[in-house]
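Residue numbers (this note's numbering), protein chains in the order written: chain Z, 1 to 255; chain S, 1 to 642.
Read the hints as simulated data drawn from the structure, not as lab findings.
We put the beta carbon where it would ideally sit given N, CA and C, even for glycine.
The hints are all genuine.
Derived, one-sided and incomplete: chain S residues facing chain Z with beta-carbon distance under 8 Å:
1) Q537
2) S539
3) K540
4) R542
5) A543
6) H545
7) S546
8) L547
9) G548
10) A549
11) Q553
12) V558
13) P561
14) P637
15) W638
So the derived label-pair ranges between C-beta atoms look like this:
16) S:R36 <-> Z:S186: 49 to 57 Å
17) S:E48 <-> Z:A159: 28 to 36 Å
18) Z:I251 <-> S:M627: 56 to 64 Å
19) S:L615 <-> Z:A159: 54 to 62 Å
20) S:G45 <-> Z:T161: 26 to 34 Å
21) S:G52 <-> Z:T161: 31 to 39 Å
Take a look, some chain S residues computed to stay more than 10 Å from chain Z by CB distance:
22) Y30
23) V118
24) Q149
25) F163
26) E185
27) K249
28) Y282
29) F365
30) V372
31) G380
32) L496
33) T603
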Amino acid sequence: MTFANQQTGAKVEALKDINFILKKGELLSVLGPSGCGKTTLLNMIAGFITPTSGQIVVGDRVIDGPGADRGMVFQQGALFEWLTVAKNVDFGLRMQGVSEAESRDQVEKWLATVGLQGFADTPTYQLSGGMQQRVALARCLVNDPDVILMDEPLGALDALTREKMQSLVLELWKKTGKTIIIITHSVEEALLLGERLFVMAPRPGRIHKEYQLPFAEWGLKRSLRDIKLEPEFSTVREEILTMIWNMEEEIMGGA
Amino acid sequence: MLDWLSDNRALVAAVIILCLVSSFFASIFYGLKQTRLREKDQVFGDPERTVGGWFWAVCGVSTLLLVWFYFSWGSARAFFPQAANELCQVAKLHEAVSPVTSSLAIESRYSKSKTLLVRNSRQLDELQARLPANVFSPADAARVTLVMQNTQQLISMMATPDFVDQKTIAEIQAIKAGYAAITNELANPKLGWTAAADALAQPSWGITEPEIPLLPVSAKGAMYDALARDAAAISKDYLKIRNLAPAAKALIAETKAMIAALKKSPSTDDGDPQIVKERADYMKAVDRIFKRIDDGKIFPAEVMAEMQVAVQTMLDQAERSKGSLGIVEMLFFPAGDIVKSRTQCTEQGPGRWLPKPTDVVATFFALANPDVENGGGYKGTTLLWWKWLPISDVVSFVIPDALIDFLPGDYGRLNDDGRFEPNYKDWMLALAQGDVYLGAVPMLDGHIWDSLFRVLVAMFFGVLLGVPLGIYMGVSRFCKSFFDPMIELYRPVPPLAWAPLILTIFGIQDDGKIFLLFMVAFAIMVISARTGATGAQLSKIRASHSLGANDRQILRYVILPNALPEIMTGIRISIGVCWGTLVAAEMLAGTTGVGFIENVARTVSDYELIWVTILIMGSLGLIFDLMMRWVIGRLIPWRGKG
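From just these sequences and the hints, can you work out the full model?
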């Protein structure tokens, strides 16, 4: 699959020669220096941007615009602040005309899953950043999408909340068996939340290196902090950090 | 009860002022105590420092009201109700000597005589310089020159003390003695001045027109009143004095004869109308100057000096004799004066154009009285009341008559015996024309309601049409670009610039004003709704796409609520602007409304009424805004927290 993003005025090749196949239930994390086209890749999968060439297929359907089969979680939650938590979560169901009784059960179930029991009637603007992200996760999951796309979902959280949320993501992955693509700029997060990991390189955006990692599986049983102390973890981390460091150097040197 | 309050405004004001002064000091005391308590916790610039502080609000309101009471002379009336009357009597004395003071160098730098001399001498010189030789024969020219020389001589004669008649000097001495006698009486007032019964029966200060009772109500006032009458008699004598010595009289007679001869004699010897006219014009100018001199009203300054001093001394003594009244005047009648004109005493300065607070309240209650038959309301309309609105009026307004024409069948015809037999269609027409009584509903009425109604109807349509268009302009490139030029072209034109056109097209009734206000509200609503719609975060729109919402659902459930804060702000702004525009539009045309009242009050210089309307407008604007703030707080609690 090859994409190139055509922007107004000059053509910029945002992505080039990107080909991959993701199995159902796989957890993929995408890492790369800023400007390497991570978000463009995600937006294309979501259907917000149409690739200039090539195609994206979910199941047996070629993607043509956004749809409820690909749920998206944004960095800042992107919650509807005029609605309560419950109304945010059942937004997708309401839009599809699901009956209120049915959606109420669903909402309760998913709020419990993300650890927000009793917050159903709270206005979202009263929640903390971590709680807002939990609502965003529940809102996405309640729609039962085939693929979940996460665009730096934990980027705006503090370190402690972030770690808790990482565990939650792994937990949800295990529980639901969904295919998840996570974009992040944190190397540790990419290692922990990726069965597969793409390290992307900029100009034009391309997949520089692919890893198969065991840490996400470990993370289901062990504490994430323990995993970070494993020598294997630090070896890969250092390798990727060096890789990205060199890319950044290259960009600065070339510019 | 209201009548009692109205008749005792001075007393009421005194109570209010005392309350205000105590709350002023109490709030300062309390405020300083609070400040000392908090000083330690809050550094300068901490936004918390401005939170709360109702006691300073009390202090501010008290200050404002006290300043109002003070500068409107409301405190003077509250505590010294007789002072204005006494000052009126003093003003009578000033009025009595005004013929003298205006002719002497008392209130001006030059005496009137001096000004006359200077001006006429200069005009004579100018006239002499442009003597037209071609229109006068040489003999005539010499005679004209002589006339002017005589006039000049007359002027110098009158300005010379030696030429003044002994009789005239004696008359001036008598005037001087008269004023001196008054000065003496002012300095050593005899006892026993009393107010007359009819003076005591006058309404008190500010209750009815004229504002200040004219007759003296106190002993001091009675003295000034009596002396003012004496002074007026003396001033009358003064105006009769003429400075015409025998020599001057002879010169005047001689010159007068020469002018008459010159005007008559040579006018027939040539027929050129141009020359005749020029000669007549010149002689008229010469005569005009002569006539200003020959009435003997010019006196040498030396002759008048003593009398001038006497008048001045009398006025100074009048000031000194005021005593405590002078102190009251200085302290409680700021920035103005009480002036006696022919028939009444009036407040000049802020006492006139800044009505006393209690008078404003009394005017408001008179205006608010719904009993139109007995002097309530204004121009036959109440301020704010209710009436029975016939339902048929509403029906006839809503259903156009032409609609009935489309009903099946024909209108009724005349019978064979010449009688009209209406059928159902005629009845429907009568209904549409409002001729069928359908009962009545209670409805608000009055000037304030008329103004409110105009604003509310205009706002209703402005929001109804402006918000959807604004939202579509926010989401559609076509809508934005297509409508943008139209709205941006008409919007910057001030509403009042549209007013003459709109009022001409729609008439001076409600429709014109409502349309004008609609234009204002519409533009603001379009722009705020558009800003709100374009301000939606892209991630929120994308999230709703990903959640499976279609375009209509996104518009209704995401973009509209997201724009709500801007829309509400737009409503708040446009209500304010509409209100401002409305009052101005009502001033231009119409027969009801708050602006109409002010416009009429302006034409009759009813300052109380002007201030009442200003205060009504201010309070209604404030109420609108507070209501909108409350609604915004309830409706969009997430504002600024997204």
